[in-house]
Amino acid sequence: MCTMLIRFKSLLSELSQTHQASARTKQLHAYITRAHLFLDPFFATKIVRLYAGNGDLQSARHLFDKSPQRSVFLWNSMIRAYAQAHKFEDALSLYRNMLRNGGTQPDNFTYACILRAFHENFDEDGLRIVHGEVIVSGLEMDSVTCSALVTAYSKLGLVGEAIKVFYGMLAPDLVLWNVMISGYCYAGFWNKGLQLFREMRQNGEQPDGYTFIGLISGLLDSSLLGIGQGIHGMCLKSGFDCHAHLSSALVTMYSRFKIMNSAYAVFTNLYQPDFITWSSLITGYVQCGDYEKALTHCRNLNAQGKKLDPILIASLLVAAARSANILAGTQIHGYVVRHGLQSDVMVSSSLIDMYSKCGFLTLGIQLFRSISNRSITSYNTVISCYGLHGLASQAFKLFEEILKNGLQPDESTFSALLCACCHAGLVTHGREIFKTMQDEFSIQPRTEHCVHYVKILGMAGYLDEAYNFIWSLGQPVVDSGIWGALLSCCDANGDSELAEVVAQHLLGNEPRNGAYRVMLSNVYASDGKWEDVRQLRDGMSNAGVIKNPALSMVAV
DNA sequence: CTAGGGTTAG
1 MCTMLIRFKS LLSELSQTHQ ASARTKQLHA YITRAHLFLD PFFATKIVRL YAGNGDLQSA
61 RHLFDKSPQR SVFLWNSMIR AYAQAHKFED ALSLYRNMLR NGGTQPDNFT YACILRAFHE
121 NFDEDGLRIV HGEVIVSGLE MDSVTCSALV TAYSKLGLVG EAIKVFYGML APDLVLWNVM
181 ISGYCYAGFW NKGLQLFREM RQNGEQPDGY TFIGLISGLL DSSLLGIGQG IHGMCLKSGF
241 DCHAHLSSAL VTMYSRFKIM NSAYAVFTNL YQPDFITWSS LITGYVQCGD YEKALTHCRN
301 LNAQGKKLDP ILIASLLVAA ARSANILAGT QIHGYVVRHG LQSDVMVSSS LIDMYSKCGF
361 LTLGIQLFRS ISNRSITSYN TVISCYGLHG LASQAFKLFE EILKNGLQPD ESTFSALLCA
421 CCHAGLVTHG REIFKTMQDE FSIQPRTEHC VHYVKILGMA GYLDEAYNFI WSLGQPVVDS
481 GIWGALLSCC DANGDSELAE VVAQHLLGNE PRNGAYRVML SNVYASDGKW EDVRQLRDGM
541 SNAGVIKNPA LSMVAV
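Each residue of the first sequence is one higher than the one before, starting from 1 at the first, in the UniProt record's numbering.
To be clear, the hints were calculated from the coordinates, so they are not data collected in a lab.
Values in this document were obtained by computation on a predicted structure and should not be read as measured data.
Certain hints may be false.
[What the hints assert, rightly or not] Taking lysine to aspartate or glutamate pairs in the DMTMM-like style, the calculated list, with each CA pair at most 20 Å apart, reads:
hint	residue 1	residue 2
1	Lys164	Glu140
2	Lys26	Asp56
3	Lys66	Asp56
4	Lys293	Asp274
5	Lys397	Asp344
6	Lys397	Asp410
7	Lys164	Asp142
8	Lys164	Glu199
9	Lys435	Asp410
10	Lys87	Asp65
11	Lys164	Asp208
12	Lys155	Glu205
13	Lys404	Asp439
14	Lys87	Glu140
15	Lys435	Glu448
16	Lys404	Glu448
17	Lys164	Asp221
18	Lys192	Glu205
19	Lys237	Asp221
20	Lys87	Asp40
[What the hints assert, rightly or not] Simulated DEER-style distance windows between Cβ atoms:
hint	residue 1	residue 2	range
21	Gly230	Gly359	19 to 29 Å
22	Glu440	Gly390	45 to 55 Å
23	Gln331	Leu39	35 to 45 Å
24	Gln342	Gly226	26 to 36 Å
25	Arg96	Gly340	50 to 60 Å
26	Gly239	Gly359	23 to 33 Å
27	Gly359	Gly334	14 to 24 Å
28	Gly359	Ala265	12 to 22 Å
Each residue gets a CB set at the ideal place from its N, CA and C atoms; glycine is no exception.
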């Protein structure tokens, strides 16, 4: 037995250095079968993990099913394999089998794995049920289980539940502090995250890379630049200046704030930036509209022999689409074909979008028809392309195709459809689809849906209906984008009375938004109220409010 | 057990 173990271990270490992982896994499997080692759950677990690592779930499951003895490690490995491949139903049914079998009790790692599967599958009800099972099993005070619970609740937007779990623990460990801080920041409560960070340090706990990343990725608004810089300073003080993950988070933060000099400074500080840090920097340039720099850095990366991945390609295609640079777009398409990445949903959707935005809608549609694995995202992309080109009837045909193929429309599908109605001026269709979305698909309207809906009604002259609709939302503070949509409708319809009412709501919330003031002044002007125009414009220049000029461009 | 880049908007 001992020699077998040594032989097995040497084969295993060989395997980790080889490129033909899947062939070698089969050899190793054959070896343990010949030596009857598969009867031992230790060896079976190793092979299951190897198969899972190669993406060969069928072989993994086959071995799992044939194993006469199943340790908790073997169960966990198989459940994790399914969960990581996003086969949530298989993971869950295996977990249920485990409970039903009764032979092996789930441990804290089983729960951690299954809880993650629930939040990745957006299954709130399932999560609550498993939370109950955790309590019954007596693992609710286990730190691994608790961290998983806190993460799962926060990722689903249930911070309140996460806090309850967190404060249920008497002595949180570093991971638990980290996940609760990230949980707050992820939910938008960066302030509470910082407060907890202070509390953590008062408890004598030293922050690590995870802690800072959690804090940084919650800083979304550029008014938080000072706080971001402060945290950046703490990172440097704590000696994290060469931390790859942390640097990527910092590059992204500065890119969000549109301060590319600082982003680049963080980047150049790294001795050898890894692929994702490169990707963060390039994406940062794309989002700041500096497409030239984005492409130049991409060539630098390529010159190092690094292959571009779907996420980076999608980002570059956004650059090509926004600058209407069909040449760059087709070059990227060429790269995609050469590297066999056409079947990636993210890549194909951004290609379709790029062709459409560059004015070649038909090429985009052709591409859509040629791909074999059309997901709901592919459909959403094409619907939105049709909508932006004013072809609402085609958009609705695709919606029917979604239903016919048994796909589940999501929030973006309805957003794209409403947008199509808006561009084509289809009031009746718009009212219908807005209702269908809620009644038949139980999707609650989000801000973007309401913005489109207000525009559909308002642009067609139904200003009162749009106004009443906003009131019917019943929220104490309606998102300013929704009032903004109504204001632009007042502008288009020349209704200065309603415009004033709307402006009261808007300027109360966002007094420094120049675009809203300009819209209001346009309404006054079209009504001949030049005195009001003068007051408004003077007020703007006195307060230093600036309206950024709009910009269009086309590559020639 | 926790972490970095993100396609579909106007």
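Against the structure, the hints:
1. Only pairs whose Cα atoms come within 20 Å are accepted, and lysine 164 paired with glutamate 140 is accepted, the gap being roughly 12 Å.
2. Among the hinted pairs, lysine 26 with aspartate 56 is consistent with the structure: their alpha-carbon atoms are about 11 Å apart, no more than 20 Å.
3. Proposed proximity of lysine 66 and aspartate 56 is supported: the alpha carbons are some 16 Å apart, at most 20 Å.
4. Using a Cα cut-off of 20 Å, the hinted pair lysine 293 and aspartate 274 holds, with the two alpha carbons roughly 18 Å apart.
5. Among the hinted pairs, lysine 397 with aspartate 344 is inconsistent with the structure: their alpha-carbon atoms are about 24 Å apart, more than 20 Å.
6. A threshold of 20 Å between alpha carbons decides the hint, and for lysine 397 with aspartate 410 the separation of about 16 Å falls inside it, so the pair holds.
7. In summary, the hint linking lysine 164 to aspartate 142 is supported, as the alpha carbons are separated by about 15 Å, within the 20 Å threshold.
8. This hinted pair checks out: lysine 164 and glutamate 199 have alpha carbons roughly 17 Å apart, not beyond 20 Å.
9. Restraint check for lysine 435 and aspartate 410: satisfied, since their Cα atoms lie roughly 14 Å apart, inside the 20 Å limit.
10. A threshold of 20 Å between alpha carbons decides the hint, and for lysine 87 with aspartate 65 the separation of about 17 Å falls inside it, so the pair holds.
11. For a cut-off of 20 Å, the pair hint linking lysine 164 to aspartate 208 is broken: about 24 Å separates their Cα positions.
12. For the hint linking lysine 155 to glutamate 205, the alpha-carbon distance of about 24 Å lies beyond 20 Å, and the restraint is violated.
13. Taken as a hint, the lysine 404 and aspartate 439 pair is honoured in the structure, with Cα atoms around 19 Å apart against an allowance of 20 Å.
14. Only pairs whose Cα atoms come within 20 Å are accepted, and lysine 87 paired with glutamate 140 is rejected, the gap being roughly 26 Å.
15. Note on lysine 435 and glutamate 448: the hinted pairing holds, with a Cα-Cα distance of about 15 Å set against a maximum of 20 Å.
16. For the hint linking lysine 404 to glutamate 448, the alpha-carbon distance of about 26 Å lies beyond 20 Å, and the restraint is violated.
17. The suggested pairing of lysine 164 with aspartate 221 is violated, with an alpha-carbon distance near 28 Å, which exceeds 20 Å.
18. For the proposed pair lysine 192 and glutamate 205, the alpha carbon gap of about 17 Å is at most 20 Å, so the pair holds.
19. Distance restraint check for lysine 237 and aspartate 221: the Cα-Cα separation of roughly 24 Å exceeds the 20 Å cut-off, and the hinted pair is therefore not satisfied.
20. Our distance criterion of 20 Å between C-alpha atoms is broken by lysine 87 and aspartate 40, whose separation comes to about 27 Å.
21. Judged by the Cβ atoms, the range 19 to 29 Å given for glycine 230 and glycine 359 is violated: they are separated by roughly 46 Å.
22. Between glutamate 440 and glycine 390, the C-beta spacing of about 26 Å breaks the proposed range 45 to 55 Å.
23. Evaluation of the 35 to 45 Å hint for glutamine 331 and leucine 39 yields a failure: the beta carbon distance comes to about 56 Å.
24. At about 45 Å, the CB distance of glutamine 342 to glycine 226 disagrees with the hint of 26 to 36 Å.
25. Checking the proposed 50 to 60 Å range against arginine 96 and glycine 340 shows it is violated: the Cβ atoms sit about 38 Å from each other.
26. At about 51 Å, the CB distance of glycine 239 to glycine 359 disagrees with the hint of 23 to 33 Å.
27. Glycine 359 and glycine 334 have their C-beta atoms about 19 Å apart, which keeps the hinted 14 to 24 Å range intact.
28. At roughly 38 Å, the beta carbons of glycine 359 and alanine 265 sit outside the given window of 12 to 22 Å.
The structure does not agree with the numbered hints 5, 11, 12, 14, 16, 17, 19, 20, 21, 22, 23, 24, 25, 26 and 28 stated previously, though it agrees with the rest.
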